[in-house]
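Participant: From just these sequences and the hints, can you work out the full model?
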Amino acid sequence: MRKITRYTSLAWNFFVFSTKSLMEYRLNFILQILHGPAYVGMMYGILSLAFDRAGELGGWSKTEGVLLFLSFQLLYVIGIVVFLKGVRHFLWEGLRRGDLDMMLTKPVNTQFIVTFSKPDVQQLPLLAAITVFFVRQVWVMQELFTLQSVLLFAVSFTLGLILMYLSSSTLMTLGFKMTRASQVIEFFDKTSDFAQYPTSIFPVSLRWFAFTLIPIAFFGYVPTSFLLGKEIWWFLPSEILLMVILFFINQKAWKEGLKHYSSASS
Amino acid sequence: MSSSAISVKNLKKYYEVYQKQPGLMGSITSLWNRKYETVKAVDDISFEIEPGEVVGFIGQNGAGKTTTLKVLSGLLYPTAGEVSVLGYNPWDRQAAFQKQFSLVMGQKNQLWWDLPAMETFLLNKAIYEVPDSVFKKTLDKLVNLLDVSEVLNVQVRKLSLGQRMKCELIAALLHNPQVLFLDEPTIGLDVIMQKTLRDFIKQYNKEFNATIILTSHYMDDVKELCKRAIIIDTGHKIFDGALQDIIDRYARNKILSVVFSKPVTKTDLKPFGIIKEFTEDGSAYTATLLVDRTDATKVAGNLLKKLPVQDLNIEEPPIEAIIREVFSSSDGVNGSKAK
Numbered sequence: 003m004r005k006i007t008r009y010t011s012l013a014w015n016f017f018v019f020s021t022k023s024l025m026e027y028r029l030n031f032i033l034q035i036l037h038g039p040a041y042v043g044m045m046y047g048i049l050s051l052a053f054d055r056a057g058e059l060g061g062w063s064k065t066e067g068v069l070l071f072l073s074f075q076l077l078y079v080i081g082i083v084v085f086l087k088g089v090r091h092f093l094w095e096g097l098r099r100g101d102l103d104m105m106l107t108k109p110v111n112t113q114f115i116v117t118f119s120k121p122d123v124q125q126l127p128l129l130a131a132i133t134v135f136f137v138r139q140v141w142v143m144q145e146l147f148t149l150q151s152v153l154l155f156a157v158s159f160t161l162g163l164i165l166m167y168l169s170s171s172t173l174m175t176l177g178f179k180m181t182r183a184s185q186v187i188e189f190f191d192k193t194s195d196f197a198q199y200p201t202s203i204f205p206v207s208l209r210w211f212a213f214t215l216i217p218i219a220f221f222g223y224v225p226t227s228f229l230l231g232k233e234i235w236w237f238l239p240s241e242i243l244l245m246v247i248l249f250f251i252n253q254k255a256w257k258e259g260l261k262h263y264s265s266a267s268s
Numbered sequence: 004m005s006s007s008a009i010s011v012k013n014l015k016k017y018y019e020v021y022q023k024q025p026g027l028m029g030s031i032t033s034l035w036n037r038k039y040e041t042v043k044a045v046d047d048i049s050f051e052i053e054p055g056e057v058v059g060f061i062g063q064n065g066a067g068k069t070t071t072l073k074v075l076s077g078l079l080y081p082t083a084g085e086v087s088v089l090g091y092n093p094w095d096r097q098a099a100f101q102k103q104f105s106l107v108m109g110q111k112n113q114l115w116w117d118l119p120a121m122e123t124f125l126l127n128k129a130i131y132e133v134p135d136s137v138f139k140k141t142l143d144k145l146v147n148l149l150d151v152s153e154v155l156n157v158q159v160r161k162l163s164l165g166q167r168m169k170c171e172l173i174a175a176l177l178h179n180p181q182v183l184f185l186d187e188p189t190i191g192l193d194v195i196m197q198k199t200l201r202d203f204i205k206q207y208n209k210e211f212n213a214t215i216i217l218t219s220h221y222m223d224d225v226k227e228l229c230k231r232a233i234i235i236d237t238g239h240k241i242f243d244g245a246l247q248d249i250i251d252r253y254a255r256n257k258i259l260s261v262v263f264s265k266p267v268t269k270t271d272l273k274p275f276g277i278i279k280e281f282t283e284d285g286s287a288y289t290a291t292l293l294v295d296r297t298d299a300t301k302v303a304g305n306l307l308k309k310l311p312v313q314d315l316n317i318e319e320p321p322i323e324a325i326i327r328e329v330f331s332s333s334d335g336v337n338g339s340k341a342k
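Listed in order, the protein sequences are those of chains A and B. Throughout, the numbering used here is defined as the position within the first sequence, counted from one, plus 2. Throughout, the numbering used here is defined as the position within the second sequence, counted from one, plus 3.
It should be emphasised that the hints constitute simulated quantities derived from the structure, not laboratory data. Beta carbons: idealized from backbone N, C-alpha and C, even for Gly. One or more of the hints may lead you astray.
To give an idea of the chain B side of the interface with chain A (calculated C-beta under 7 Å), a few residues [to be verified]:
no.	residue
1	Y18
2	V20
3	K73
4	S76
5	Y80
6	G90
7	A98
8	Q101
9	K102
10	L106
11	Q113
12	D117
13	L118
14	L126
15	I130
Facilitator: So this is what it looks like as structure tokens:
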């Protein structure tokens with residue numbers, strides 16, 4: 003319990019420090035606030051256009067599709083704000099420049115410090131905008147939901163976020179081998195884009211990947227399916243099983259990776 | 004393990020380094036054919052350091068100093084060998100160990116670039132779980148010793164190199180570490196700032212009985228802070244002992260600085276030793292001679308007898324020159340002088 007409190011407090015500290023750091027540049031901060039809603043509005047428009055032409059996609063109506071899009075965006079942007087920037091920095095520059103050095107000397111889990119010490123607070127306005135759109139969509143569709151579906155959505159959404167952390171930070175360990183592995187995170191980002199569409203529209207072979215190796219189905223499709231009562235019985239057990247497997251792979255790969263860390267010349 | 008604060012036995016750290024051929028063709032070829040070379044950054048080094056000792060780690064660029072410090076800090080896994088710091092295996096990276104040491108690298112910083120240094124101090128307080136009262140007391144003391152109270156709330160990117168280095172030291176010492184690894188802490192600083200940092204390190208060692216390993220290319224740092232020096236070259240330890248021993252062992256010559264009351268010529272001076280400097284400006288005649296250290300007293304006597312000497316000093320050569328001598332002497336490089 004003490005450990006959880008300590009790490010929560012540290013994550014909060016990193017968050018506050020990043021916010022303070024961002025606020026040192028006022029104009030940039032204000033522009034960022036305007037950028038968020040504009041992005042969501044544009045994406046919302048594109049999606050609406052696609053559904054207007056197709057009617058439905060993979061058995062999902064326009065309102066369901068919009069809900070899926072927004073729940074994925076919500077999960078993904080939380081990921082960006084909380085840990086994906088740290089992963090990205092590590093793979094782009096961190097390892098190559100030996101930035102890990104100072105982190106490794108701290109009495110805190112190194113993987114935690116790498117992923118959580120660089121929260122992308124610049125994306126907070128975007129997160130706020132998506133949250134507003136999401137809440138609005140849920141309000142519009144409220145008659146379709148039950149208490150059980152909402153609770154299952156909450157559980158699945160949280161597990162999806164953990165899976166996103168585990169899969170991205172497992173990919174991060176490839177950096178120890180590649181030194182500069184920017185394309186790994188680019189691949190992760192691009193693949194994640196597909197999570198905003200119903201996984202049921204993909205061919206069976208790709209669906210298998212979406213539920214296992216690159217588990218994008220759990221980033222949007224599965225939680226939204228729970229909310230809409232469209233779930234299949236094995237969704238939750240497979241989500242938990244995948245989480246456990248990824249956790250062990252992640253820990254093993256990280257420890258091995260650290261053994262091969264060669265720093266950079268000082 | 005022994006009662007030593009730091010114990011290193013047969014430490015080896017080898018790297019595979021890729022050798023790229025120059026030019027665009029070299030880059031294209033390297034896509035499928037790369038030649039790797041094993042670099043022995045640290046090659047079979049052993050030493051022990053007692054609690055409270057300040058040891059100078061001396062070596063040329065690429066000698067393996069920083070790599071050794073990185074292994075001692077748990078940043079790098081060694082290829083072979085045993086290391087113990089305060090009884091811990093560094094690469095187990097136990098929090099209890101990490102709270103007892105600090106690594107300061109002159110060319111890397113831990114301060115948040117866009118925020119004032121005070122913010123990083125507060126973050127380190129949380130990371131190292133320093134209680135409020137201890138934090139305040141330690142911070143006040145360090146800020147006073149280093150005289151940085153006026154820059155604590157200025158963005159780090161706006162600080163001078165010296166001010167930043169002082170703040171780096173404070174950030175590294177807020178948790179009162181028992182072991183300090185200082186990797187070129189005075190690099191790029193002016194002489195006054197170097198002196199300030201040296202005095203501070205000396206004071207810290209005295210007050211906390213901290214064990215310190217210091218690497219520096221400035222011999223003044225080593226002379227002023229360290230009684231003991233370890234010299235490494237291309238990954239090998241070539242000397243480990245008191246600084247004075249380096250002088251006794253490697254300084255072949257002593258320096259005789261002479262002021263003459265009457266004109267003398269270079270020819271007059273040649274029989275006494277190697278003329279390093281000779282000036283004659285019409286009214287003053289001075290010379291600096293290098294003489295074999297075993298004959299220095301005898302030569303000085305002869306000079307006094309045979310030439311119009313007004314003043315004469317016998318000095319040890321600068322430590323920098325002696326270190327150059329160590330690196331150029333083949334027996335040293337072969338490791339026969341190591342303890």
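Participant: If a hint holds in the structure, say so; if it does not, say that too.
Facilitator: How the hints compare with the structure:
1. Y18: With Cβ-Cβ at 6 Å, under 7 Å, it holds.
2. V20: For V20(B), the interface hint is violated, since the closest Cβ of chain A sits about 9 Å away, which is over 7 Å.
3. K73: holds, 6 Å
4. S76: holds, 6 Å
5. Y80: holds, 5 Å
6. G90: violated, 16 Å
7. A98: Holds - the Cβ of A98(B) comes within 7 Å of chain A, reaching about 4 Å at its closest.
8. Q101: Holds, because the Cβ-Cβ distance from Q101(B) to chain A comes to roughly 4 Å (cut-off 7 Å).
9. K102: This interface hint holds because 5 Å falls under the 7 Å limit.
10. L106: holds, 5 Å
11. Q113: holds, 5 Å
12. D117: holds, 4 Å
13. L118: holds, 5 Å
14. L126: Nearest chain A Cβ about 6 Å off; hint holds.
15. I130: Interface hint status for I130(B): holds (5 Å vs cutoff 7 Å).
Taken one by one, the earlier hints fail for this structure at numbers 2, 6, listed in ascending order.
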